[in-house]
Amino acid sequence: GAVVSQHPSRVICKSGTSVKIECRSLDFQATTMFWYRQFPKQSLMLMATSNEGSKATYEQGVEKDKFLINHASLTLSTLTVTSAHPEDSSFYICSARRPNPGQGYGYTFGSGTRLTVV
Amino acid sequence: TQLLEQSPQFLSIQEGENLTVYCNSSSVFSSLQWYRQEPGEGPVLLVTVVTGGEVKKLKRLTFQFGDARKDSSLHITAAQPGDTGLYLCAGGGYGNKLVFGAGTILRVKS
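Sequence order for the protein chains is A and B. By our numbering, the letter at position 47 of the first sequence is numbered 47, and the numbering carries on one by one without gaps. By our numbering, the letter at position 67 of the second sequence is numbered 185, and the numbering carries on one by one without gaps.
Derived from the structure by calculation, the hints contain no laboratory data. Some hints here could point you the wrong way.
As the list claims (entries may be wrong) - Now the stretches of chain B that chain A is said to cover, found in silico as 3 or more residues with beta-carbon under 8 Å:
hint : stretch
1    : 152 to 162
2    : 198 to 210
3    : 215 to 225
To be verified - Output of the computed footprint for chain B on chain A, the stretches with three or more beta carbons under 8 Å from beta carbons of chain B:
hint : stretch
4    : 14 to 23
5    : 32 to 44
Just so you know, even glycine gets a beta-carbon here, dropped at the ideal spot from N, CA and C.
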């Protein structure tokens with residue numbers, strides 16, 4: 001149980017175009033999802049917290065107009081990288097929060113999306 | 119701001135050796151999680167510890183949560199090449215978010 005599906009796994013786009021990444025919780029409802037960015041051999045950097053039915057909360061330094069987040073249902077959050085530039089190339093990972101009895105909350109991660117902007 | 123300091127950043131050892139990875143903070147965490155991540159994949163949860171002083175074992179991996187819930191360690195006994203990967207500790211704060219350590223890249227040579 002507790003599977004999070006992220007799509008696509010890899011995408012190459014031209015500079016100036018937009019790319020949408022989907023994150024779905026397959027067998028549970030996730031009122032809260034998170035989007036991370038990861039550079040090679042580094043840890044995960046939280047970009048934003050996605051809340052179902054409300055606006056996302058962005059971390060300091062993350063441009064909300066560039067990284068559009070939509071959490072329209074309890075099982076789907078999307079991240080759209082608008083007007084992508086080569087410096088946006090990175091590994092993007094989503095996670096979904098679920099209640100974990102006796103252990104607070106559990107966090108299940110998607111398999112990530114490798115974005116390359118050319 | 120809650121921060122987790124993870125060490126060491128890199129570890130290259132021979133098969134059969136033991137190793138310990140540390141996560142330390144000045145903040146108290148409600149829980150602490152350890153993940154392992156392989157290149158091109160998302161992190162996979164290894165364990166969650168929630169009680170101060172808790173020790174959990176997962177085959178050759180032993181996880182400890184400090185009494186004050188500010189630090190944790192991961193000990194691997196008799197490391198194998200299959201243990202190679204990026205190990206991440208993450209603390210569940212009293213807010214909504216996970217706080218991640220910087221990660222430890224482990225390479226086990228055969």
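Checked hints:
1. 152 to 162: holds (count 6)
2. 198 to 210: holds (count 4)
3. 215 to 225: holds (count 7)
4. 14 to 23: violated (count 0)
5. 32 to 44: holds (count 6)
Violated hint for the displayed structure: number 4, the only one.
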